[in-house]
Amino acid sequence: MPIELTPLESTRWETDALLLFAFEPDDEHAAESLGPELFARFPGLTARTLKAAPWLAEHTGLLDCRGTSLDVCVLHAPGNAPIRRVLILGLGKRADHTAQPDAGPQRLREAGAVALRKARELRCDSVAIPGAALETLAEYLTLRYPLATLPEAWALEELAYGMYCGLYTYRKHKTEKDPTPPDPSTISLFLQESPAPELEQAALRAEATALGITFARDLVNGPPNHITPAAMADAAQALADAYGYSCRVLDAQDCVDLGMGAYAAVFRGNPEAARFIVLEHTPEGHAEDAPLVFVGKGVTYDSGGLSLKPSNSMATMKDDMSGAAAVLGLFRALGELKLPRRIVGLMPCADNMPDGKATRPGDVVTSLSGLTVEILNTDAEGRLLLCDALAYAKRYDPAAIIDLATLTGACVVALGYGTAAVFTENEALEETIRELSLAIGEPFWPMPLWDSYADVLKSEIADIKNVGPREGGAIHAAKFLEKFVDPDTPWAHLDIAGPAWAEKATPLCPEGGTGFGVRTLVQLVLRWQS
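Quick note: numbering that gives the first Met the number 0 has the sequence shown finishing at residue 529, numbered continuously throughout.
One or more of the hints may lead you astray.
[To be verified] Below, in silico cross-link-like pairs of lysine-lysine (DSS-like), each with a Cα-Cα straight-line distance of 27 Å or less:
#1 Lys482 / Lys393
#2 Lys176 / Lys117
#3 Lys308 / Lys356
#4 Lys503 / Lys117
#5 Lys356 / Lys337
#6 Lys92 / Lys356
#7 Lys308 / Lys457
#8 Lys173 / Lys117
#9 Lys308 / Lys393
#10 Lys92 / Lys117
In case anyone wonders, no lab produced these hints; they're calculated from the structure.
As the structure is a computational prediction, the values presented were derived from the model and not from experiment.
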């Protein structure tokens, strides 16, 4: 459902629902009345809008539109008007948009999501936005973050992104008829003139990123008996077939033969399931470029192994492959964006299960890097498969390595469910991730990687232990991974344990897998490209 950027005279506008926006009246605007002052009261209502829908100027229902945050006022046209209804989305108080640097963009995303769901509820087949409304919205966006777009383009991208993500549902295993009305089939932006390239690119980015997030959400929401490591490999191969990527899949024996003893320690309880996925996007003429390498943790089900989790902690452990799902979501988006940048995705996938052959607490294994690891807790498995993937990444002589993982509950304790952690010694990379992630609604916050945190990982019988004490657990995990990365290579570890799964629905996402991280990875690639 791409957004159609349509140059069209207002007298020819025709749509099931025209989308407009309103702020709550404040002291400056409280005295405004309908009629001549209508434009100032309701951003987006312009002379062109009233020319296309003259009934708006006298519609008494406007008096009920207070602009309350995410409130929807529905105005129905009389007779057979070409604009059959108007949806006015409340954006809250103007002052709220400057209180926090990300408040304006986030409100646009949420407004887009709420608007499209309302349009679906009303069984609207077509939805349109006047270009003038977009111009108004751009004035209220904070420009603190350099996203390389014009304000209008940024407003369109955030609004469209919210529209796409807000319509998401997961019903693959429902047998009864879906009671939800169908999604609108067309979304249009009515413009006075041909669209600027920046607007076209913004619309493409929003659609491509949303497709990537949907791809990732479907994987995370899938039941673990369906979304196995083999299914993850099939998903990667499907992307490769669709977009011309290179895809290589290693099985358990291949990984053992390579010397991935740490990864093998995770899948020993279910070796038949293990798949190490290598997905590569190499545009023509870029085969010799140093790639960006993205590593995603792919534990498709985590029981904790012999260090068994409590039963009430297992219900959502299908989400422990959210990092790998985000990397696959990135490649889904890249297929639409067609960026001339070499990208490699590494996804070590496994089930962490108890079994007679499963790894025992106290075992020592040899990793791909040659370092030996004393495994004291088999539920700290993510760092074991990631460390071998990070060592594998060295063969690409990468420009940078980014790993994503639902790695530690300690990170959730530190930052809650809404924010992920970024660990890196590279200040430029940390600043880039922090700033762009706040602007796009996937907040990452920096955590320390001081050497003093590594002392607790020293082992008496091996080179390193896989766990330290409970206090500072997320940092200990990051310090463990740091051992397996070349210090001269820019590297960041992203712990997404909190926001990868939504316990309750939000305007942008129902309960379940969120696809968190996909948009950040897309923006990182775009930033590296520029």
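Within 27 Å, alpha carbon to alpha carbon, are Lys308 and Lys457? holds, 25 Å
Can you confirm whether the C-alpha distance between Lys308 and Lys393 stays at or below 27 Å? violated, 33 Å
Going straight from one Cα to the other, do Lys173 and Lys117 come out at no more than 27 Å? Roughly 23 Å between the alpha carbons, so the hint for Lys173 and Lys117 holds.
Checking one constraint from the list: CA of Lys503 to CA of Lys117, max 27 Å. Satisfied? holds, 20 Å
Holds or violated: Lys92 with Lys356, Cα cutoff 27 Å? Violated. Lys92 to Lys356 sits at ~61 Å, over the 27 Å cutoff.
Given pair status - Lys337, Lys356, alpha carbons within 27 Å: violated, 44 Å
Taken at face value, is the distance from the CA of Lys117 to the CA of Lys176 at most 27 Å? holds, 20 Å
Does Lys117 lie within 27 Å of Lys92 when you go C-alpha to C-alpha? holds, 22 Å
Lys482 and Lys393: Cα distance at most 27 Å? holds, 13 Å
Does Lys356 sit within 27 Å of Lys308, going by the straight-line distance between their CA atoms? Holds - the C-alpha atoms of Lys356 and Lys308 are around 18 Å apart, at most 27 Å.
Checked against the numbered hints given earlier, this structure breaks hints 5, 6, 9; the rest are met.
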